[in-house]
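Visitor: Numbers 1 to 558, taken from this note's numbering, label the letters of the sequence shown in order.
Hints are computed from structural coordinates only; laboratory data are not their basis.
Every residue, glycine too, gets a C-beta built ideally from N, C-alpha and C.
Wrong hints could be hidden among the right ones.
Claimed, not checked - Beta-carbon label-pair distances, calculated as ranges: (1) Phe237 / Ile384: 15 to 25 Å; (2) Gln517 / Pro39: 46 to 56 Å; (3) Leu190 / Ala419: 46 to 56 Å; (4) Gln426 / Leu52: 43 to 53 Å; (5) Leu40 / Ser524: 43 to 53 Å; (6) Lys518 / Pro39: 19 to 29 Å; (7) Asn527 / Gly49: 46 to 56 Å; (8) Pro497 / Lys518: 28 to 38 Å; (9) Leu52 / Phe73: 19 to 29 Å.
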Amino acid sequence: PGMMGIEMSAARLYSRRMPPAEAASPGGRPRAMNLRRNPLTVYTGLLLGCFLLALAGGYSALGRQVDGDLYDFLTRLRPPQYQPESAIVAIDEASLLPPAHGIQGLRVQLAEILQALAAVKPQAVAVDVTLADNGDPAADARLESALCRTPNLILASEMMPDASGWQDPLPRFRRCAAAVGHVHAEPDPLDGVARQAPLEKIAGRERRWALALEAYRVSRGLGPPLETPADLTVGSFRIPAARAEARSIFIRFLPPGPRGEPSLPRISAKSLLQDPRAAQPLAGKTVFIGVTAQSAARDRLVTPFGSAQPMPGVEIHASIYETLAQGVFLRRAGELDSVLVSLALVVLAGLAFHRLTGAAAYTAGAAIVAMAHVLPYAFYRSGIVFPFTSPVLAAWFSVGGASSYQYFSARRRLRRAEAEKTRYQQAVHFVTHEMRTPLTAIQGSSELMSRYNLAEDKRKQIAGLIHSESKRLAKMVETFLNVERLSSGQVQLRAEPVPVAELVETCLARVQPLAEQKNIRVISVPNEGLVLSGDRELLEYALYNLLTNAIKYSPAGS
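When you get a sec, could you build the whole thing from the sequences and use the hints?
Guide: Below you can see the structure in the form of C-alpha cells.
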C-alpha cells in the first residue's frame with residue numbers, strides 16, 4: 001500500500017505538470033493536440049499586429065498630416081542657404097493705384113516694365129500673367145512690341161477649368177516668347193500648404209513644363225529636358241523628378257526676414273517705373289514679373305514657413321527656379337524604405353524585450369523610441385524626406401507591446417512557479433507520510449534484534465522483513481525521483497514494444513499477495529497477440545496502481 005501511495009502521488013504530480021500531448025484521431029492514429037499556445041508564436045503575432053497598426057496609422061490622413069507638419073518643422077529648422085539668382089518685379093497694391101488704372105491697365109504696365117528692364121539686360125524674363133484674351137487694341141499692340149524686344153522671354157499658360165486644354169498666350173504674344181510654361185502649383189490636399197511643385201502638367205493631349213523650369217532652361221541656353229522614369233536631364237544637369245510622382249520636386253523656400261519680409265529680392269513695379277535706376281540690381285538675373293496685390297492675386301499659397309500672409313504665386317515660381325538653379329534638391333524616401341525601417345524597429349524592440357529584462361530592456365526600448373524620433377531629422381540632413389508617423393508608431397507600439405508581454409509573462413511564470421512549488425511541497429509531504437510505514441517497520445525490527453536474544457529462525461524472519469521494507473523504501477524514492485526527472489525533462493520516455501500478456505502477468509504477480517489477504521479473485525483474460533508501444537516501466541506503474549486500487553476498494557471475497 002505504501003508503494004501504491006507513492007506511485008499514485010508521483011503519477012498525480014506528473015499528470016499536473018505535463019500537458020496533454022496526444023489524442024486519438026478517428027483513424028486510430030495518435031494526433032498532436034497542442035492545447036497551449038506557443039509563447040513565441042503569440043509574441044511574434046503581437047509584434048506583427050503592432051507593425052501593421054503602425055503602417056495603417058502612417059498611411060492614414062492624420063498620419064500624412066503629421067508627416068507634412070514635421071516636414072514644415074524641419075524646413076524651418078534647417079532652411080537652405082544660398083544667394084538668389086532671381087528677382088521679382090511685383091505688381092503690388094501701390095502699382096495698381098491711379099494713374100495705373102488698376103488691373104484693367106495691367107498690359108500697359110507690363111509693357112512699361114519690360115521697356116525698363118531692357119536697359120539692364122536680365123538673363124531671362126518670366127511673365128506670370130496669362131495673356132490668353134484680347135484686350136484694348138492699343139494696349140495689346142504696345143505690349144506685343146515690348147514682348148518681342150525682350151530676349152529670353154517665358155510666358156505663362158494656364159490649364160482649362162475642365163483640364164481639356166490650355167489657355168495659351170495669344171499667337172501675337174506667343175511668337176515673341178522663347179518658351180511657354182504652366183503656372184500651376186499643387187498644394188497639399190490635407191492642409192493646403194505648398195511643399196511640392198509639378199514640373200509638368202498634361203491637359204488634353206498637350207503637355208507644358210513648369211514656368212520655372214522653362215525659365216531655368218532658357219536662361220542657360222539649354223534644349224528641352226531629356227526624360228527617364230526616374231528623373232529629368234537639362235543639359236548636363238539632373239533633376240530628381242520621377243514620372244510616378246508627376247515630376248514633382250520639393251520647393252526649397254528661403255526663410256522670410258525677421259519681420260516677415262520676402263526672402264527673394266523684390267522691386268515694386270511702381271518704384272521701377274518711377275525710377276529706372278531701381279532696375280540696376282536686376283542686371284544678369286532671371287526676373288519674374290507677377291501680381292502680388294492681395295486684391296488682384298488669386299494664386300496665393302501657404303508655405304512651410306507658415307507666415308501670416310500667404311506667398312503670391314510669382315514668388316513661388318521664383319522659389320522653384322532657385323531650387324533648380326541651386327541644385328538643392330530633396331528626395332522622398334521610397335515606400336519600401338519606410339516599411340523596412342518600421343519593420344526593423346519592431347524587430348529590434350522584440351529582440352530587446354526577448355533577450356533582456358529589467359532596466360536593460362527598458363533602456364533599450366527607450367533608445368529604440370528615441371532613434372525613431374531622430375531618424376527623419378538624420379535623413380533630412382542627407383537630403384531625404386523620410387516619413388515620421390509610421391516609424392514612430394512602430395517604435396512606440398512595439399516597445400509598449402513587447403514590454404507589456406514581458407511583464408504579464410513574468411507574472412504568469414511567477415504564479416505558475418508558486419503553484420508548482422505548492423504542489424511539490426504537497427507531494428513531498430505525502431511521500432514523507434508514506435515513508436513512515438516502512439521506516440517504522442525497519443526501526444521496530446532493528447530494536448527487537450538489538451534488545452532481545454531471539455531464536456535464529458525469528459532473527460531470519462525479522463532480517464527478511466527489514467530487507468523487504470528497505471527495498472520498498474528505496475523503490476519509493478526511486479519512483480518519486482524518476483517521475484520528478486521525467487516531469488522536468490531530464491528523463492525521456494522510451495518507446496519499446498511491450499507484450500500486453502506479459503505486462504499483465506507481471507503486475508498480477510505483484511498484487512497477488514494483496515488479493516489473497518482479502519480473499520479476492522483476480523481474473524485475467526490474456527491476449528497473446530496484443531503489443532503496446534511505450535515505456536514498459538511506467539506502464540507497469542500505471543497498471544499496478546489500477547490493480548491495487550481495485551483490490552483496495554473492492555469488498556472482500558469478490
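Visitor: Work down the list of hints and note, for each, if the structure agrees.
Guide: Hints and how they fare:
no.: 1; hint: Phe237 / Ile384: 15 to 25 Å; result: holds, 20 Å
no.: 2; hint: Gln517 / Pro39: 46 to 56 Å; result: holds, 51 Å
no.: 3; hint: Leu190 / Ala419: 46 to 56 Å; result: holds, 55 Å
no.: 4; hint: Gln426 / Leu52: 43 to 53 Å; result: holds, 46 Å
no.: 5; hint: Leu40 / Ser524: 43 to 53 Å; result: holds, 48 Å
no.: 6; hint: Lys518 / Pro39: 19 to 29 Å; result: violated, 50 Å
no.: 7; hint: Asn527 / Gly49: 46 to 56 Å; result: holds, 54 Å
no.: 8; hint: Pro497 / Lys518: 28 to 38 Å; result: holds, 34 Å
no.: 9; hint: Leu52 / Phe73: 19 to 29 Å; result: holds, 27 Å
Hint 6 from the list above is the single one not met by this structure.
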